[in-house]
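Under the numbering used here, read the sequence shown as residues 103 to 371, first letter to last.
Any given hint could turn out to be false.
[As the list claims (entries may be wrong)] Once the Cα atoms are required to be at most 27 angstroms apart in a straight line, the calculated DSS-like pairs of lysine-lysine come out as:
hint	residue 1	residue 2
1	K200	K109
2	K354	K109
3	K282	K345
4	K293	K106
5	K200	K271
[Stated by the list, open to error] What follows is a set of in silico ranges between Cβ atoms, one per label pair, in the way DEER data are often shown:
hint	residue 1	residue 2	range
6	R203	R294	18 to 28 angstroms
7	F370	D264	19 to 29 angstroms
8	K293	D357	34 to 44 angstroms
9	Q180	M104	42 to 52 angstroms
No lab work stands behind these hints: they were computed from the structure. C-beta atoms are modelled at their ideal positions from N, C-alpha and C, and glycine is treated no differently.
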Amino acid sequence: MMKKNPKLAIFDIDGTLIKRGDTHITESAITAINRMRDNGIDVMIATGRAFYFIQDDIHERINPDYYVTINGALVYNQNKEVVHEVPMLFNEVDTLTKFAREHNLGIGYKLRDDMHIYSNFQIFLDVYLQGSPKAYILKDYSSEVLAGQDDEMPKGIFLMGDEATIETKREFLEDSYLSKAYHDAYDVYSKRAGKMKGIEVVLEKLELSWDDVIAFGDADNDVDMIEAARIGVAMGDAPEHLKEVADFVTKKLVDDGIAHAIETLIDFN
103 MMKKNPKLAI FDIDGTLIKR GDTHITESAI TAINRMRDNG IDVMIATGRA
153 FYFIQDDIHE RINPDYYVTI NGALVYNQNK EVVHEVPMLF NEVDTLTKFA
203 REHNLGIGYK LRDDMHIYSN FQIFLDVYLQ GSPKAYILKD YSSEVLAGQD
253 DEMPKGIFLM GDEATIETKR EFLEDSYLSK AYHDAYDVYS KRAGKMKGIE
303 VVLEKLELSW DDVIAFGDAD NDVDMIEAAR IGVAMGDAPE HLKEVADFVT
353 KKLVDDGIAH AIETLIDFN
């Protein structure tokens with residue numbers, strides 16, 4: 103594959119830049135990404151995470167130019183200012199909350215500044231945090247009768263619990279995507295959002311197109327951006343359907359897959 107000169111590099115976080123359950127980017131990835139920046143390539147994060155759950159290493163050692171968070175529902179610039187947001191619809195939030203409580207699922211609302219847990223708070227403390235020291239961001243609303251009545255509509259929802267039970271809700275969501283995050287855990291976000299749409303807001307601001315992009319990902323919610331980018335890179339342990347739409351399949355994250363792809367694909371001359 104010929105080396106290219108992209109103007110924007112887009113990275114998913116979990117399973118792409120940082121191993122799930124970890125908090126640090128590999129040194130090889132940081133070195134390679136900084137080499138791109140030194141050569142005038144802007145860096146964007148595109149993640150299902152809310153901004154406040156992005157690992158400190160991302161901010162401190164990469165300091166991206168843009169952050170597409172909550173699968174495109176909240177977009178920030180480098181100054182941490184919101185430049186785009188897409189809230190979920192009340193009726194779907196309300197329906198999902200009642201469903202979660204009925205089936206003892208964990209449900210958390212991803213808001214701008216914190217996360218409100220409306221059912222099964224403990225599962226979020228035990229599983230969702232994955233060793234993160236940011237438990238203070240989780241607020242327990244599980245005893246609230248009027249779930250879904252926040253002043254601010256969530257930009258996304260996180261569901262945790264029995265996979266088969268959660269899947270039964272998929273066909274009833276008209277405005278929302280149900281995207282598997284990992285085993286027994288799902289992201290829910292508006293169909294008016296999506297990583298692709300959030301990224302396109304930034305591309306328009308920068309007067310760039312997908313032809314100027316190299317994108318890296320490992321999961322279902324990365325498929326569209328990997329397919330759209332001029333260079334779409336799938337991690338070595340990504341699912342087969344993602345590898346099939348990628349232009350390049352790199353090594354696994356733990357085998358310095360990010361650095362390998364950058365050194366192989368980017369023309370630094």
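Quick rundown of the hints versus the structure:
1. K200 <-> K109: violated (45 angstroms)
2. K354 <-> K109: Distance ~24 angstroms between K354 and K109 Cα, so the pair holds.
3. K282 <-> K345: Measuring from Cα to Cα gives roughly 17 angstroms; hence the hint holds.
4. K293 <-> K106: Violated, because 32 angstroms separates the two Cα atoms, which is more than 27 angstroms.
5. K200 <-> K271: holds (12 angstroms)
6. R203 <-> R294: 18 to 28 angstroms: Given about 26 angstroms between the Cβ atoms, the range holds.
7. F370 <-> D264: 19 to 29 angstroms: Violated, since F370 and D264 (Cβ atoms, about 48 angstroms apart) do not stay within the stated range.
8. K293 <-> D357: 34 to 44 angstroms: For D357 against K293, whose Cβ atoms are near 36 angstroms apart, the range 34 to 44 angstroms holds.
9. Q180 <-> M104: 42 to 52 angstroms: For M104 against Q180, whose Cβ atoms are near 31 angstroms apart, the range 42 to 52 angstroms is violated.
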